[in-house]
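> As you go down the protein sequences, you meet chains A and B in turn.
Sequential numbering from 1085 applies to the first sequence in the working numbering.
Sequential numbering from 363 applies to the second sequence in the working numbering.
Treat the hints loosely; a few may be bogus.
[To be verified] Where chain B lies over chain A, by a calculated footprint (3+ residues, C-beta under 8 angstroms):
{"id": "1", "stretch": "1152 to 1159"}
{"id": "2", "stretch": "1166 to 1172"}
{"id": "3", "stretch": "1286 to 1293"}
{"id": "4", "stretch": "1482 to 1491"}
{"id": "5", "stretch": "1528 to 1540"}
Note that these hints are calculated values from the structure, not bench results.
We put the CB at the ideal spot given by N, CA and C, even for glycine.
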Amino acid sequence: MITIKGKSVFGGVSIGKISFYKRNEQVIKRLHIEATEEEVQRFQSARATAIEELKGLYNKAMEDVGEANAAIFEIHQMMLDDLDYIESIENIIRTQEVNAEFAVATTADNFAQMFASMDDAYMQGRAADVKDVSERILNILSGNCNAGMVADEPVIIAADDLVPSETVQLDKSKVLGFATMYGSSNSHTSILARTMNIPAVIGLGNELSEQFDGKDAIIDGFTGTIYIEPDEETMTAMKKKQEEDLAQKALLDQLRGKENITTSGQKVNVYANIGNVADVGLVLKNDGGGIGLFRSEFLYLESETFPTEEEQFTAYKQVAENMAGKKVIIRTLDIGADKQVDYFNLDKEENPALGYRAIRICLTQPEIFKTQLRALYRASAFGNISIMFPMIISVDEVKKVKAICAEVMEELTAAGIPFNKDTELGIMIETPAAAIVSRDLAKEVDFFSVGTNDLTQYTLAIDRQNLKLDPFCDTHHPAVLALIKMSAENAHAEGKWIGICGELGADLELTEQFLAMGIDELSVSPGMILPLRKKIRES
Amino acid sequence: MKELKYVITDPEGIHARPAGLLVKKANEFASAVKIGKGEKSADAKRIFGVMGLGVKKGEEIFMTTEGEDEDAAIAGLEAFLKENL
């Protein structure tokens, strides 16, 4: 068995034979042409044919994947109508006295280069579109038809990379999954794979080679892995994973786009907890209404030194953009206690859970905090970001935090950097102290989110990592539920909203109690969104 | 010549799809239409130029129209920007 790791584009498991996508390789020769005007005419008629083909593809894509995804073929037509593009090709033919193929290939390289050198991953990805439209003209000029894929049974399509028109032209009923050597998660192939619900793994690199053509394989789209000639154990595990996934997808089909509303008409937002940028795909796949808790710790844990403002900004912006206007609540760093990072140089503590952690670090070392806040505010210009602060125990702390936020906003304004000045600020309710003074806290913030794991640990004085204490740990302890209820009443008395982002939020035995308390939002792991929606709709 | 300024609010900026729509809109008018950001500018009737500006959310762009229908063009483009970007 050979295992290759790549990047996941769309979750799901597919099992089948690999078919390597074959295309006619174009070798472009530079030829000297005397009759340049005839050559220009040859290019123009190929261009007209290409536009006709694109119109056909647009109509096919409209039916298969909808207007939003079909639009790319309309944009391809506009590229072929672009005077800069046409003039460049005609100029090369006339001035260099060369064949149309050479002029098209040269122009395509130049324009692709322009996109590839832009400072934006999305625009860099558009270089593939230029190549795709140009390749279409080259095929027409040389009289090639698209070779594509010929298969009698459904297969896993493997390729170096696929351009949008190749993906759309594939017979969908014959495609089990995609595996490519290159490509980005922003490429249209990735987007189309997600839209068509086809498991896909990209960026597998050179290890994926044509010698695997015809071999049995499994794509695990969740982990971004392809197994070639899988052993029995892997096959059994993957078949099970596939069944579970199909059951989940069936549930999704039933519940997708449905409201989180009880039989009596009470609405509640169901958001997702994530710990990394890559998790956003799972949130969207499970139809999450937003992100209720984006733990920013990964940026610190995966780094050897303090992550820069730019690194943080990029991550926050990407999540905000991918969520396209849906709420994204990002929690500032919650390092300390069970999450230790060397370069923070934290002293060894007798009792780290009650020690120097989270907001306490931020208020003691404001330079670390301000770097994160600047990144968060800058990212706020790119989506619907809210900021949430962990481990709060007093109103005084909140006032200090807000003063630092105000400083950061002033600095950004002075520097002319755009941000959303109305970014919502909220706090975690995860200490009994915060729950008890929640009326006063609610006056200072826009929202609460209850961290039930820590709230339970601090209320019951039970170390949640000590398995020996399990018999004493009643996760539904009335004291914890009373603190949540108290916080909800106090939030609502001040006109603020309250959510739950700890594990109890996903505890279906408590959903009805939470609804009775008037909890406005439940944030759970992506896989729990649909089961929770189901529970809410039945309540 | 008529001119307008506009700050992009679409979270994705002028990516391929809105660029395509903008080019389509600009082509509805006989006037010459330019789009620019800072010191860079491009012919708004050509998609590569518009996409090449790489305009992002929060950035200010300017557009100019010049020709017999320049008034209608600037009004049409302004309405388009407000609705789509």
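> Just to make sure I understand the rule, a stretch counts as covered if three or more of its residues have a C-beta closer than 8 angstroms to a C-beta of the chain. Does the stretch 1166 to 1172 of chain A meet that for chain B?
The restraint on the stretch 1166 to 1172 of chain A holds, since 4 of its residues have a Cβ under 8 angstroms from chain B and three suffice.
> Are three or more residues of the stretch 1286 to 1293 of chain A within 8 angstroms, CB to CB, of chain B?
Three-residue rule not met by the stretch 1286 to 1293 of chain A, so violated; n is 0.
> Do three or more residues of the stretch 1152 to 1159 of chain A come closer than 8 angstroms to chain B, measuring C-beta to C-beta?
Coverage by chain B holds for the stretch 1152 to 1159 of chain A (5 residues, Cβ < 8 angstroms).
> Quick check: do three or more residues in the stretch 1482 to 1491 of chain A have a beta carbon closer than 8 angstroms to a beta carbon of chain B?
violated (count 0)
> Within the stretch 1528 to 1540 of chain A, is the number of residues with a Cβ closer than 8 angstroms to a Cβ of chain B three or more?
Coverage by chain B is violated here, the residue count being 0 at a Cβ distance below 8 angstroms.
Violated hints, listed in ascending order, are 3, 4 and 5; each of the other numbered hints is respected by the structure.
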